[in-house]
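With chain A fixed as given, assemble chain B onto it according to the hints.
There are 2 protein chains.
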Amino acid sequence: MEILSIGNELLIGRIANTNAQLLCKKATLLGITVKRITVLPDNVNETAEAIRETLKRKPQFVLTTGGLGPTFDDKTLETVAKALGRKLMVNKDALRMVKEKYQAYATRAGGQTDELTEARVKMATFPEGTLPIHNPVGTAPGMRADLKSTVLIALPGVPAEMDGIFEETILPLLKKASGGAVFYEESLYADIMESTLAPLIDAAMRNNPEVYVKSHPQAEENQPHIELHLSTTTSNAAEARKRLHKTATQLAGLIKKNNGKVYTREYGTQGEV
Amino acid sequence: MEILSIGNELLIGRIANTNAQLLCKKATLLGITVKRITVLPDNVNETAEAIRETLKRKPQFVLTTGGLGPTFDDKTLETVAKALGRKLMVNKDALRMVKEKYQAYATRAGGQTDELTEARVKMATFPEGTLPIHNPVGTAPGMRADLKSTVLIALPGVPAEMDGIFEETILPLLKKASGGAVFYEESLYADIMESTLAPLIDAAMRNNPEVYVKSHPQAEENQPHIELHLSTTTSNAAEARKRLHKTATQLAGLIKKNNGKVYTREYGTQGEV
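From first to last, the protein sequence lines are chains A and B.
Counting in our numbering, the first sequence tops out at residue 273, every number present.
Counting in our numbering, the second sequence tops out at residue 1273, every number present.
Just chain A, same shape as in the assembly (with noise of 0.2 Å):
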């Protein structure tokens, strides 16, 4: 899987990527790979480029995430279009689904109209051949393409609306396309220094190779405390426990014998417990 984040706000520094980290997190605990984030602009041209550039690589679903609203910096729609060198036109369904919403807010608000201004229409003017997803949360459907090696799905940057659309419809899709793998982790923390762990993890990591391992340091190299995260993705609980279990003993004996200490060891999966 591949994700392709758009907004100018995330290229000025304005707020962190945290849709993308979402989606991560969430794809990672079903089992999916996420193989690359590409962070782009409110370009037509260049985001274009990027989508194209993406297909090529053949991951088996790409999300993007902003650019649906009314407003004109939002051209996500007219992007996927450019890209896939398919016409812009009223999608039927997406634009009944825009209706709805201004109907109800028109109800809700009293003094607001339900009148499907132009802005509003293009929230459904789709890509030829692309269909709508349902919105559970905001105005803007999201929209999907099933093309020949990928499904190109396109979510909201809003961020409940992107997790809304996430939990109602993809996270099925990925959960059928994983078979039922989970993502599991397991962490240990060792008071020893980077340098000298390093080929540790590495006689570990040829010893368990479905494990993979990754320190990171959680303090300055002169004092040496760093946490070792273990993951591996399998759809059997109790082999991944065991996967886990047996690299984190090894490794804790390996360090212990390098004259490291190791403190907590803690097991745990985001998945299921």
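By construction, these hints were calculated from the structure, which means they are not laboratory data.
Computed from a prediction, not measured in an experiment: that's the story for all the values here.
A couple of the hints might just be wrong.
Said to hold, decoys possible - In silico DSS-like cross-links for lysine-lysine, where the CA-CA straight-line distance does not exceed 30 Å: (1) 1035(B) <-> 87(A); (2) 1058(B) <-> 82(A); (3) 35(A) <-> 1101(B); (4) 1026(B) <-> 25(A); (5) 1026(B) <-> 214(A); (6) 1101(B) <-> 256(A); (7) 1099(B) <-> 256(A); (8) 257(A) <-> 1099(B); (9) 1214(B) <-> 87(A); (10) 1176(B) <-> 1242(B); (11) 1056(B) <-> 148(A); (12) 1025(B) <-> 101(A); (13) 58(A) <-> 1056(B); (14) 58(A) <-> 1176(B); (15) 261(A) <-> 1101(B); (16) 1082(B) <-> 35(A); (17) 1101(B) <-> 257(A); (18) 1056(B) <-> 82(A).
What follows is chain B alone, placed relative to chain A:
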């Protein structure tokens, strides 16, 4: 400028990409436009390919973060060597920097060794023809490669080290490149439907082509509170103030004419006051 953030921990959603956000913020304030951020795995082949793609776009600067430490998954120097088709060799100046750090740690920490283990020498093993950059905070030096169209700079992933090198060495470089331009910004807050606002922003931007306006919904669309973020880049503070003031005044007028409410006017720049 483009940013390449290297590290599996970003792709599994374990951490937010705060490094890229900080670099974007600081570069933008110096008048440098960040055109793309790419988040990549600790995988030499995939990431070397992404570096080659990036260099083809000929950005003036490419900053990478992550992967300069001593552990097996710190592969950025190897990856850059592969991308540039250069040999890896121990860089004398880099080795001196690493050695001095471990001597200082050993003196301070007593029991620790300053021996130059394989993992430590790795931090000084650079692509041929590149230069080490002093790290005022941690152990691993940064790396600078002056290529035909691009200055490629590798920074560590530990935030304090990344920022330490940025402030000491990269900031002056970018400042020189931008010729003293600064990024100025101003926000307006309004109660108006985003879709009603869209054509008003279009009009204001057509009248003020040097000002970029982006709308950020602050709440659900049925309670239409919106931030309007205006920004401009110039080396002339008075000119920036004039541009932003003119655009904000026009926008506020248009919003009121369309039955919207304008709440606050905030003027400021993060660059200087």
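>> Hinted pair, alpha-carbon criterion (30 Å max): residue 1056(B), residue 82(A). Please report holds or violated.
In response: Roughly 22 Å between the alpha carbons, so the hint for residue 1056(B) and residue 82(A) holds.
>> Run the distance test for residue 1099(B) versus residue 256(A): straight-line Cα separation, threshold 30 Å.
In response: With Cα atoms ~25 Å apart, residue 1099(B) and residue 256(A) stay inside 30 Å; holds.
>> Tell me if the straight-line CA distance from residue 1026(B) to residue 214(A) falls inside 30 Å.
In response: holds, 29 Å
>> Between the alpha carbons of residue 1101(B) and residue 257(A), is the straight-line distance 30 Å or under?
In response: holds, 25 Å
>> Just to be careful, I want the Cα atoms of residue 1176(B) and residue 1242(B) compared with a cutoff of 30 Å; is the pair within it?
In response: holds, 25 Å
> Straight-line Cα separation of residue 1056(B) and residue 148(A) no greater than 30 Å?
Replying inline: Roughly 27 Å between the alpha carbons, so the hint for residue 1056(B) and residue 148(A) holds.
> Holds or violated: residue 58(A) with residue 1176(B), Cα cutoff 30 Å?
Replying inline: violated, 41 Å
> Going straight from one Cα to the other, do residue 1082(B) and residue 35(A) come out at no more than 30 Å?
Replying inline: Since the Cα atoms of residue 1082(B) and residue 35(A) sit roughly 19 Å apart, the hinted pair holds (cutoff 30 Å).
>> Hinted pair, alpha-carbon criterion (30 Å max): residue 1035(B), residue 87(A). Please report holds or violated.
In response: Status holds; Cα separation ~27 Å.
>> Against the 30 Å threshold, does the CA-CA distance of residue 1058(B) and residue 82(A) hold or violate the hint?
In response: Satisfied, since the Cα-Cα distance of roughly 23 Å is no more than 30 Å.
> Straight-line Cα separation of residue 58(A) and residue 1056(B) no greater than 30 Å?
Replying inline: Given that 30 Å is the threshold and the Cα spacing comes to 21 Å, the pair holds.
>> Tell me if the straight-line CA distance from residue 261(A) to residue 1101(B) falls inside 30 Å.
In response: The given pair, whose Cα atoms are some 22 Å apart, holds under the 30 Å limit.
Hint violations for this structure: numbers 3, 12, 14, all remaining hints satisfied.
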